[in-house]
Amino acid sequence: MMTKSIMIVGVGGQGTLLTSRILGGIIQEAGYDVKLSEVHGMAQRGGSVVTFVRYGDKVAEPIVEEGQADVLIAFERLEALRYAHFLKKDGVIVINDWRIDPITVVTGAAEYPENIIEELGKKYKVYAINAMEEAIRLGNAKAFNTVVLGMAAKHMDFEKDAWLKVIEKTVPGKTVEINQKAFLLGYR
Amino acid sequence: MAEKKIMLGNEAIARGAYEAGVKVSAAYPGTPSTEISENVVKYDEIYAEWSPNEKVAMEVAIGASISGVRAMASMKHVGVNVASDPLYTASYTGVGGGLVLVAADDPGLYSSQNEQDTRCVARAAQVPVLEPSDSQEAKDYMKFAFEISEKYDTPVILRTTTRLSHSQGTVTLLEREERPDKPYERDISKYVMMPAMAKGRHIHVEKRMEAMVKDGSGFPVNRAEYNDTSIGFITSGIPYQYVKEVFPEASVLKLGMVHPLPRKMIEEFASKVEKLYIFEELEPVIEEQVKSWGIQATGKEIFTRQGEYSANMLRRALLGEEMQQQPAQVPARPPILCPGCPHRSVFTVLKKLNIHAAGDIGCYTLGAVAPLSVIDTTICMGASISSLHGMEKAKGKDYIKNWVAVIGDSTFMHTGVNSLMNTVYNQGTGTVIIVDNSTTGMTGHQDHAATGKTLKGEIVPAIDIFRFCKAIGIEHVVEVNAFDLPLLEKTIKEETARDEVSVIIAKSPCVLLKGNVFPDVCVPIPEKCRKCGACLKPGCPALTRNKDGSIAIDATMCNGCGLCMQLCHFDAIAKEPK
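Taken in sequence, the protein lines are chains A and B.
With the first letter of the first sequence counted as 1, position 159 gets the number 159 in the working numbering; the numbers rise by one all the way through.
With the first letter of the second sequence counted as 1, position 41 gets the number 229 in the working numbering; the numbers rise by one all the way through.
Relax, there's no trap hidden among the hints.
Below, computed lysine-lysine pairings styled on DSSO-like, alpha-carbon distance capped at 27 Å: (1) B:Lys763 <-> A:Lys142; (2) B:Lys735 <-> B:Lys763; (3) B:Lys192 <-> A:Lys160; (4) B:Lys230 <-> A:Lys174; (5) B:Lys193 <-> A:Lys160; (6) B:Lys230 <-> A:Lys169; (7) A:Lys169 <-> B:Lys702; (8) B:Lys192 <-> A:Lys58; (9) A:Lys58 <-> B:Lys193; (10) B:Lys735 <-> B:Lys719; (11) B:Lys702 <-> A:Lys174; (12) B:Lys716 <-> B:Lys763; (13) A:Lys142 <-> B:Lys766; (14) B:Lys193 <-> A:Lys174; (15) B:Lys540 <-> B:Lys589; (16) B:Lys540 <-> B:Lys585; (17) A:Lys169 <-> B:Lys192; (18) B:Lys402 <-> B:Lys331; (19) B:Lys193 <-> A:Lys165; (20) B:Lys641 <-> B:Lys695; (21) A:Lys174 <-> B:Lys766; (22) A:Lys123 <-> A:Lys88; (23) B:Lys766 <-> A:Lys181; (24) B:Lys331 <-> A:Lys58; (25) B:Lys192 <-> A:Lys165; (26) B:Lys695 <-> B:Lys644; (27) B:Lys702 <-> A:Lys142; (28) B:Lys193 <-> A:Lys154.
Rather than coming from a laboratory, the hints here were simulated on the basis of the structure.
Generate the whole structure from the sequences, applying the supplied hints.
Shown next as C-alpha cells:
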C-alpha cells in the first residue's frame, strides 16, 4: 500500500495526543508500518499543535509535509486554515466547527478570519461538525475529539468494529462507553 | 514471536537501557529529553532519579559506572553544557560499567533557547556519538552504545533530536540482559584526574578515538546502501528518512556513529558515487571533516544550518520542485500561559508597577510577550538572579530598583541557588521573585528537591525554599499567595525599595497539577459590565469580548482562578461552582 498521511491539528491542551494514540493503535492492529510525530513542551501551552501520522507497507519519514496529507483532522477552525496547504489536491478536511481565539486576536493585534469553512470548501472536500456541542449533549465535552475522529474515520481504511475495539483498549476505562458513543456519532 | 510495540523515540531509548541491563539513571527534565526518564522509571530493575541539574545527574551516572554497573544520564542539549565539566573529564577516566549520556538536540527550536549541536561538544570532549533514525534504532543503538562504552573505555553520547524523541514507531522488544557488576578495583591512575594521571589518560583518549575511527568502518550501525551511484548521500539520524523518502533509488551512506567518523568507509563510498551530498541538520560536522580529507561534496552551500530539515527541502534544493499550495495568511497562535496560571497574576502586578524582570527558563518565560511584556531577559537556567546582580554591579543599586529577578522553583533548585549565594556573598541587593508552582511545569510536571516527591514516587522531606534563603543569610524572605493581588503588590513595592537583597516566594501550585482544581468557574454578569477591558489585560485565553464589547468567558477553558474577577472594578464577574 502507498503510504497514507494523516494530520491532527488543534490548540495545545485540546487533547490531540489521545486521538493520535487511538489512530496509532488501529493502524498497528491492521499490521501496517506506522510513524507518528507529536509536539511536546512549550508548544503545548495553548499554542498551535500538530500531530503527524503516516502508515503503509514501509514508512520512512515521520512527518507529513506540505502537499502530502490525505486527511486533515482539525479540532479548531483557524488551525484547519493554517494547515490546509499540507493537503493533497484531493485531500479531505474534517473540522470541528469551533473557535478558540489566539492571543493575537484577544489583544486586538489580529482578526479571526470569517467564513473559514466556506472558504476551505471551495478548494477541498470539507466535512464540518460542531463536535463540542455533540459531546456536551452526550454528557462529556472532552469526548469531542472522538466525535471528530469518528467523522474522519470514514475516510480511512479500517472497519467500524476495529475502531471501537481500539478505543476500548486505548482510553481510560471509565470513558470507554462515552468515547465509543462519540465515535459512532461522528461515524454515522 | 517477539512482542512489537509502537514506541516514542524516548520510550525506546528507555527500553534500550532496560534491555542493556542499566542499573542507574539520572536526569534533569528538559524538552525533548524528559520522557526518557519518565519511561526508565517504569522498570523496577533500574534506579532512576531526577537530579537537581544535569551536572549532578552526569556525576551520579559516572559514580555508578565507576562502581561497576551500567549507568546513564539524559538531558537536553543545553543541559549538556551544564554537565560538560564532568563529561570532559569522564572522557579521560573512561568507565567501569558502560556509561551513556543521552543528549537531546532541538533543531527547529520547539522548546529551547538555542539550536546548538551536541556533536560539536562531543568532538571537543573526544567522546563518540551514536545517532539513531527511528524508534527501533533508538533502542538498538542504546544497547550498542553500552557495548562500545565498555570495549573502548569511554563514555558514549547517544544523540537524539526532537523529531526522533517525539516520534513513534514500531519496536521489537527483547529480554533484559542481566549483567554481573564489574568488581571494583582502586586505580588512581584511571580515576583520580590530577595532572600526572590525566597526562596518561590523555594518551588513552587519543588511542581510543584512533581505534574507533578504524573499527567504525566495520560497525553495524554504519551502513552503505549502494543503489544508483550517480547520486550519493552521507547522512544520519532523522535526515536519513528524508533522503529515503525523496531518493529511494540513490546510494546512501547511513552513519549511525557520527563521531568519530569511519574514514575508510566514507572514502570508499565517496569514490563510488558521482555526485556526493552531505545531508546533516545543524552544524556541518560531518561535512567539514570529509572535505578536509580532500573529498568533493556539497552540503551547507545549499542546505541551511538553521532549523529542522524536511523531504520538501530536498525536493526544492535538488529537484527544483516548488510547493503548489501556499499557506493562508492567518493570525499566529503562539504558546501562552494557561488559564488559571499563577504566573499571570505575578506578571499582572509587575506590569502595573512598571517593573522590569530578568527572567529565567520555564513557562514564565512567556511573560516576555504581549500582553504581559514583563520579562526583559532570558539566557539560561539560573541566569535571572546572577544577571540582575551583574546589572547592579555595573550601574549601581538604584538602577535595579525597578527590576526584579523572576525564577521558578525547579529552576531555582537547578542553579538559581548558586546565583543567590553569590548575591549574598558579594553584597548585592535587589529582589528575587521565586514563582513557586510546586513543580517543573514547562516539561510536563516533574518533581524536584523542593516538592517532596522523587521520580520513583517516594515521599521525601521537601527542601524548604524559605528556610534555605534564610539559612544563606537573607533577612527579608516573604511568602505570598500568588493570587493575592493586593498583598503581592504591597510586598513587591516594599521589597524592591530596600537596599538589601530580598526574596519573595510567590506560591500557588500549577493549575494543571493533578488534584489542583479551583472549585469554581468565573462567569460574566453582562448587565454590570462596562466593557472597560480591565479583565482582559493579563491575556487569559478564556476571556474574549462579545460583539457588543462585553466580556465572554469560555466555561470549558476557565480554571476559576478569579484573577479577572479581582481586576474588575464593577463586580461584573462572579464565581459559580463547577
